[in-house]
Amino acid sequence: MPKNLPYCKKPLSIRILHVLSQRPDSTGSGIYVQAMLREAEKKGHRNFLVAGVQSDWPPQLPCIDNDHCRMVTFGEGDLPFAIAGMSDVMPYASTRFCDLSADAIDAYKAAFARHLREVVDIFQPDLIHSHHLWMVTALTRQLFPYIPLLTTCHGSDLRQFQNCADLRSHVISGCQGIDAVMALSHAQKQTIVKLYDIVPESVHVVGAGYNAERFTQTVKPLPEPVQLVYAGKLSHAKGVPWLLQALSGIDTPDWHLHLVGGGSGEEKEHCLALARQLGDRLTVHGAVPQQQLAEIMGQAHLFVLPSLFEGLPLVVLEALASGCRVVATALPGVTEILGERKTDFIDLVPTPRLQEVDKPVAADQKQFTQNLGSALQRQLWAARKHPQIDLSPIADRMAAFSWSGVFRKVEALYLTHAG
33 MPKNLPYCKK PLSIRILHVL SQRPDSTGSG IYVQAMLREA EKKGHRNFLV
83 AGVQSDWPPQ LPCIDNDHCR MVTFGEGDLP FAIAGMSDVM PYASTRFCDL
133 SADAIDAYKA AFARHLREVV DIFQPDLIHS HHLWMVTALT RQLFPYIPLL
183 TTCHGSDLRQ FQNCADLRSH VISGCQGIDA VMALSHAQKQ TIVKLYDIVP
233 ESVHVVGAGY NAERFTQTVK PLPEPVQLVY AGKLSHAKGV PWLLQALSGI
283 DTPDWHLHLV GGGSGEEKEH CLALARQLGD RLTVHGAVPQ QQLAEIMGQA
333 HLFVLPSLFE GLPLVVLEAL ASGCRVVATA LPGVTEILGE RKTDFIDLVP
383 TPRLQEVDKP VAADQKQFTQ NLGSALQRQL WAARKHPQID LSPIADRMAA
433 FSWSGVFRKV EALYLTHAG
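Numbering-wise, the numbering used here puts 45 at position 13 of the sequence shown, and it's gapless, one number per residue.
Keep in mind the hints are simulated off the structure, nothing from the lab.
It cannot be assumed that every hint is accurate.
[Unchecked claim] Straight-line C-alpha distance at most 25 Å; calculated PhoX-like pairs for lysine-lysine:
1. Lys441 <-> Lys75
2. Lys74 <-> Lys441
3. Lys391 <-> Lys300
4. Lys374 <-> Lys252
5. Lys441 <-> Lys221
6. Lys75 <-> Lys226
7. Lys300 <-> Lys398
Predicted, not measured: the structure shown is a model, and the values here were computed from it.
Put together the whole structure using the sequences plus the hints.
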């Protein structure tokens with residue numbers, strides 16, 4: 033090397049194995065995984081993905097080549113049952129973990145173990161980034177104790193841990209051996225430490241982000257009627273029945289609800305039955321791609337998320353970035369996004385008391401519906417008068433949740449643990 037020239041060390045390129053036990057193109061965790069794949073590639077890292085899919089429905093992933101993916105197939109192929117979902121109601125056909133027999137759990141773990149061993153042998157990762165503090169993450173720790181393991185908690189895993197006491201023996205010891213846990217919020221960090229007995233120093237709050245290039249504010253249409261959007265699973269845990277009941281009691285100002293999202297089983301059918309009672313004031317879109325969701329939000333005046341349990345709801349960020357007013361339950365993840373900011377275009381509704389993790393106490397349901405209705409009516413009238421909102425009071429909060437900003441924190445942990 034010539035003298036007197038500064039030496040600049042080349043940034044470390046890391047081989048990262050990403051592991052997700054369900055579809056990588058649906059739900060918040062799938063969006064998160066895709067963002068990590070994109071941001072890691074931008075920084076020159078090499079990616080490989082192991083995920084779970086239906087045998088007859090391969091995912092479309094523009095962020096990674098097919099030859100760097102390995103899919104565990106459900107329905108046929110590797111496992112005869114539908115995908116075991118991290119939520120009890122998924123936007124596609126799924127199996128609840130609590131309904132799996134001991135033999136089915138053994139087969140589930142064996143299928144993931146087989147694929148993980150083969151991929152690790154071929155790809156030789158420097159580290160593994162898994163998602164959810166649950167069964168596949170614990171299995172990964174047990175299979176590869178010599179490879180650094182970092183895990184993102186998404187919130188649904190905490191609910192499984194609390195609801196499925198019989199399955200904790202498959203999870204607890206493996207998750208306690210994770211090198212670094214990444215939490216979506218400070219409140220979630222406290223829950224992780226308490227439930228899994230993991231030392232606080234091993235749990236890092238990195239948050240989550242939204243696609244600021246896709247979700248942008250545009251000129252809203254005239255609010256005649258006011259356009260509302262709900263986006264999420266059609267399930268009780270997301271508060272959909274109480275939202276529909278609250279809207280049924282609001283006649284003025286005129287409104288139209290766009291119901292976006294999939295679901296399954298009796299809860300989906302219950303939600304759709306209630307939705308049909310709203311007649312032509314409602315459009316059911318089903319599950320849609322992110323680009324279509326962005327287009328719907330761009331034309332909407334008000335977004336509502338009456339959820340009873342969330343990690344860090346990215347959809348709230350997407351709605352705000354699209355210029356929507358927001359009515360949401362005052363969950364820790366929601367308040368983490370908004371901080372202490374008080375604005376006239378956000379209404380937070382107290383959550384009802386819950387039995388188990390996400391079922392409202394019967395005595396509180398009427399008041400919850402009334403509170404939702406009051407918040408909705410306030411924001412409907414506000415949207416009628418002022419369809420455009422000024423996002424400047426929360427601009428710094430929005431900037432803090434970009435995917436590039438989130439990945440800087442994740443990459444710092446990668447570099448620390450990859451050696």
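Evaluation of the provided hints:
1. Lys441 <-> Lys75: Holds, at roughly 13 Å.
2. Lys74 <-> Lys441: holds, 15 Å
3. Lys391 <-> Lys300: holds, 16 Å
4. Lys374 <-> Lys252: Answer holds: Lys374 to Lys252 is near 23 Å, not above 25 Å.
5. Lys441 <-> Lys221: Roughly 15 Å separates the two Cα atoms, so the pair holds.
6. Lys75 <-> Lys226: violated, 35 Å
7. Lys300 <-> Lys398: holds, 21 Å
Violated hint: 6 only; the structure is consistent with all others.
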